[in-house]
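S.K.: Residue strings, one per chain:
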Amino acid sequence: NAGVTQTPKFQVLKTGQSMTLQCAQDMNHEYMSWYRQDPGMGLRLIHYSVGAGITDQGEVPNGYNVSRSTTEDFPLRLLSAAPSQTSVYFCASIRGETQYFGPGTRLLVL
Amino acid sequence: TQLLEQSPQFLSIQEGENLTVYCNSSSVFSSLQWYRQEPGEGPVLLVTVVTGGEVKKLKRLTFQFGDARKDSSLHITAAQPGDTGLYLCAGPTSGTYKYIFGTGTRLKVLA
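Residue numbers (my numbering), protein chains in the order written: chain A, 1 to 110; chain B, 1 to 111.
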């Protein structure tokens with residue numbers, strides 16, 4: 001099992017560009033989440049999904065879109081990147097009360 | 001809005017010392033979790049506490065859930081350089097899978 005994988009590991013964007021952060025898990029978990037981590041602020045929930053076709057907003061959803069067409073994949077889309085979206089992004093899948101995190105994507109928006 | 005506040009924010013100690021990290025809230029949580037995160041990696045779950053007053057031990061780490069389920073603590077005995085990392089507490093909001101995280105405690109153990 002690869003667990004939770006995220007691509008890319010690092011990305012530089014210009015303001016206004018769009019991109020998709022990929023997240024995949026091979027553990028057949030129904031629940032998946034996206035977080036961003038900023039210095040001094042812990043992890044903040046962006047969006048989450050309780051199964052294929054079902055998504056909901058977290059604490060900081062503005063500027064981000066998600067979809068969940070399969071159990072395995074949960075991509076995060078930035079439609080028009082802003083410098084405030086510079087952060088480290090983590091995807092997680094959940095089984096029971098255990099969250100399994102990916103290695104993260106470090107995003108820099110210039 | 002449920003919040004989790006951690007203290008201290010930073011901690012630098014010598015190998016062999018003991019330390020305690022706190023996670024506090026004004027809200028009741030059905031459970032609280034502790035994670036450790038190392039640079040360049042995602043957080044890894046250490047423990048989940050569920051019952052008020054519960055104490056769990058993981059080798060030299062002792063976790064306690066407050067009687068009122070509003071706070072938790074992590075105590076490390078005889079800290080080692082391998083304990084260095086960012087410690088995060090987290091809890092589910094209102095019985096959902098929407099977790100909130102504390103701001104973290106960055107621990108550095110010097111050899």
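Warning: the hint list may mix true and false statements.
One side of the interface only, derived from the structure: several residues of chain A facing chain B at Cβ under 7 Å [what the hints assert, rightly or not]: (1) P39; (2) L43; (3) G51; (4) G53; (5) P103.
Since the hints were derived computationally from the structure, they do not count as laboratory data.
All figures in this text were calculated on a predicted structure; none of them were measured in a lab.
C-beta atoms are modelled at their ideal positions from N, C-alpha and C, and glycine is treated no differently.
S.K.: Hints first: check each against the structure and report whether it holds.
M.R.: Checked hints:
{"no.": "1", "hint": "P39", "verdict": "10 Å, violated"}
{"no.": "2", "hint": "L43", "verdict": "4 Å, holds"}
{"no.": "3", "hint": "G51", "verdict": "11 Å, violated"}
{"no.": "4", "hint": "G53", "verdict": "16 Å, violated"}
{"no.": "5", "hint": "P103", "verdict": "6 Å, holds"}
Hints 1, 3 and 4 from the earlier list are contradicted by this structure; the remaining hints agree with it.
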